[in-house]
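Q: Going down the list, the protein sequences come from chains F and W. Under this note's numbering, think of the first position of the first sequence as 1, with each following residue one higher. Under this note's numbering, think of the first position of the second sequence as 287, with each following residue one higher.
Quick caveat, the hints were computed from the structure, so don't treat them as lab data. Any given hint might turn out to be false.
[What the hints assert, rightly or not] Below 20 Å or equal to it, Euclidean Cα-Cα: the simulated DMTMM-like pairs (lysine to aspartate or glutamate) are:
(1) W:Lys800 - W:Asp725
(2) W:Lys799 - W:Glu562
(3) W:Lys488 - W:Glu501
(4) F:Lys79 - W:Glu393
(5) W:Lys385 - W:Glu347
(6) W:Lys362 - F:Asp146
(7) W:Lys383 - W:Glu393
(8) W:Lys496 - W:Glu516
(9) F:Lys79 - W:Glu396
(10) W:Lys413 - F:Asp172
(11) W:Lys383 - W:Glu351
(12) W:Lys445 - W:Glu562
[As the list claims (entries may be wrong)] With the Cβ distance kept under 7 Å, some of the chain F side facing chain W (calculated, not the full set):
(13) Thr78
(14) Thr229
(15) Thr243
These numbers were taken from a predicted model, which means no experiment stands behind them. We treat Cβ as the ideally placed atom computed from N, Cα and C, and that holds for glycine.
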Amino acid sequence: MMTKKLSPLQTVIMGIALILVLFPVFWILMTAIKPPTDWNASPAIWVPSEPTLVNFQTLFDPDALGKYGVGGVSQPATKAVFGSILATFIATTLSVVIGLFSAIGISRYGNNSKSTPLIILSGRMFPPAAIAVPFVIIFSNIGLIDSYTGLIAIYVAVTLPFSTWMLKSFVDDLPREIEEAAMIDGRSKLMAHLTVTIPLIKGGLFATTMFIFILNWSEFMFALVLSYTNVSTIPVQLAKYVTATAGTLYGVQAALAVLAMIPLVIVGYLIQGHLARGMTFGAIKQ
Amino acid sequence: MKTKDNMVEKTLKEYDAGGLTRRSFLKRMGALGVAAAVANAVAISPLGALEAWASIQGPEERAWELAKVAAAKAKKKTLTLLIPTGSIGNMTPYVDKWKNELGITLEFIEEPDEVIHTKGMQEAVAKTGRYDVMMPTAMSYPDWIDSGVIYDLTDWTEKYDPELFNKDYGVVFPASHHAQLYNGRVAGLLNDGDQITLLCRKDYLEDSAKAKAFEDKFGRKLAVPDTWKEYYELASFMHDPANGFYGSLEYRSPYYVKWMFMQRLVSKGMLYFDGEMNPTFNSDEGVEALEDMLAMNEFLHPDAFSFTWSSNYNAFGRGEGFMNIVWPSGFKYSKAPSTGPATTGNIAATVMPADYTKDGTKIYAGLFCWGYGYAVSKYSENPELSYAYAQWMTSPTIGADAIPYLGGYSDPYRVNHMLKPTKRLLDTYSPEYLQTLYDNMVNTVPDFCLPGGFEYQDALDKEVHACMTGSKKPKEALDRAAHKFERITRRIGKDKVKKSWLSLAKNLAEPIKKATGADQWK
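Whenever a hint applies, use it, and build me the whole structure from the sequences.
A: Here's what the structure looks like:
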């Protein structure tokens with residue numbers, strides 16, 4: 001592939017953009033290895049002179065910060081980490097699988113109504129706060145409050161419009177003739193979609209999965225409102241790192257944020273080849 | 287525990303029999319830990335020691351007896367508490383006792399403090415029964431009671447008598463009324479004496495060169511400020527930005543800035559509403575208060591516009607300012623070497639500065655803002671046990687024992703915590719600061735402990751902040767806030783809010799009632 005050299009101005013702009021994008025990441029990484037004395041120092045300490053892993057330790061051993069005279073962390077983050085993994089993986093899988101078949105259904109067998117986009121996306125038109133309380137009432141009545149089942153159900157409900165709409169654009173791009181050829185070869189509709197459609201849109205599938213995973217992984221409002229003690233997730237746990245003896249535990253929050261970033265970085269790295277097209281909702285044709 | 291109780295009883299009997307001097311008695315009671323909390327009160331009581339001990343110990347014992355009975359018949363052997371994150375340190379020391387002696391497991395559900403009110407309102411519709419005891423601030427009680435999520439505790443308090451209003455060891459008036467009652471009925475039991483006081487750097491006040499320069503300039507001794515004018519002058523005198531040292535660290539940040547305004551407003555003898563629920567803060571006094579704040583901006587720490595409670599405490603503890611307006615926890619921070627390396631041993635605290643009313647009356651007024659307390663959920667399976675927990679934890683004795691534990695927000699709230707403190711309370715605060723807390727608390731005006739309180743507060747906060755950032759003129763900001771207040775009052779119902787407001791105003795300190803005209807309200 002031909003590569004075009006950037007002009008000096010473009011290089012400068014790109015450099016500034018990179019700094020802006022990467023600065024929060026740098027700051028979180030540095031804060032995660034700062035001792036409590038450096039978290040809130042003035043003037044700010046950019047790179048800690050005595051890096052420490054105590055913030056990471058505190059995530060799983062709440063007493064670890066005790067050696068700095070900071071107490072008051074009462075719960076390890078273990079439950080929140082597992083809670084996030086559980087809720088996010090299941091909800092993402094369900095959302096993408098249901099979204100995929102919905103997308104194929106709408107794209108291939110729908111009536112192409114103009115109101116379809118409105119109907120699909122209407123679930124995303126309300127701020128989460130507006131629908132959170134009604135869900136509290138409904139879930140309380142049916143026993144789903146403070147349960148992973150309830151949380152996963154709402155995650156799927158909230159992300160399904162996205163997954164459906166994203167995947168529909170990829171299916172739309174795929175010529176019907178390819179699937180029809182498979183059917184002429186004797187495959188059923190379902191098998192044609194499983195063996196032809198899905199492999200051919202795998203880039204979009206990866207990108208959609210990644211996108212839905214990020215949405216679920218970072219969701220705060222529903223997890224906060226629908227949880228008591230049985231359910232815990234990383235974003236909610238982040239908000240709980242406040243103690244009476246040290247105020248907000250920025251270092252511990254940063255350490256948990258670093259942990260939270262890891263799966264996204266790994267998955268993002270693995271599927272980066274598919275992201276450019278996927279993240280544009282299929283607008284860029286390969 | 288039993289052995290200790292026996293030893294306390296033995297000591298009391300010995301003292302009553304004249305077998306111990308007062309000094310030996312205090313020493314021995316002090317050595318017995320919890321007993322030291324009230325040893326002094328017992329020693330100076332006109333009653334016999336045994337009798338005095340029984341009365342001050344009463345709320346704790348009555349609560350414990352109730353807890354034993356309620357625990358025995360409870361089907362669910364867990365008591366679940368909704369508490370703000372960061373407050374658990376005052377409660378964990380008693381978990382084993384409840385488990386071992388009552389068979390009750392204490393389960394804590396921690397939530398960020400800003401969502402506690404919402405969680406309570408959510409429980410009002412969800413009715414899950416997941417919480418037994420809930421720990422809101424005083425501002426939540428009106429909405430929570432009205433939405434039916436918590437019990438009116440009056441019947442229980444009448445029966446088991448937590449001695450909320452005892453003059454020797456009750457909750458300090460008027461916080462006893464403002465932070466626990468709603469329309470004259472007990473809604474919650476206070477466990478956190480949140481009021482704001484003024485801290486100054488003692489080492490700077492004692493600097494002879496500064497003292498001389500100050501006296502030459504202002505014609506008076508260098509000392510903690512007595513009035514807001516003196517506060518301003520001190521800030522301007524000590525302000526040294528070139529060396530990273532600022533006149534004061536008071537808040538200008540969203541959410542906190544309204545309290546700085548409200549404090550100044552009440553010091554001018556002006557409340558938030560008149561007796562007919564008309565907003566009064568957009569008066570000349572309110573405009574003056576905002577103008578005073580704008581003038582102070584020049585001498586504030588540059589982070590004042592972004593301070594949270596913890597970043598403010600940290601900056602003061604690092605030695606970045608001469609004065610600070612803080613909750614009692616701010617004093618604890620500044621006193622501890624780990625969090626106040628520059629301020630430990632160097633703090634002079636005082637009551638909030640006074641100001642003058644239009645007719646020249648000098649008014650000392652404090653602000654009781656925030657202040658956690660225990661409420662009992664209507665959906666609890668064990669409401670009596672929950673109430674017993676609340677009374678036991680806030681009794682004069684256990685309260686005094688719980689406050690000094692680190693990792694909790696609880697600050698002194700009963701008379702004995704401040705005027706007859708334990709050694710641990712003295713070590714955590716200091717005799718001078720505890721006296722300051724008492725002197726300030728008797729003049730406190732409550733926050734918006736009314737139906738819709740958080741809405742009023744938010745409306746005021748936004749407008750005051752807009753004024754501080756220069757986007758609105760003082761009068762314009764206050765008129766806008768007053769307009770929002772009128773809409774909130776109309777929506778909630780004027781009669782309902784008025785009833786609650788008059789109930790609050792009835793229990794203001796006499797000088798403030800008189801200065802504001804609240805003594806004439808019907």
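Q: Checking each numbered hint in turn, tell me which of them this model violates, lowest number first.
A: When the structure is compared with the hints, numbers 10, 12 and 13 turn out to be violated.
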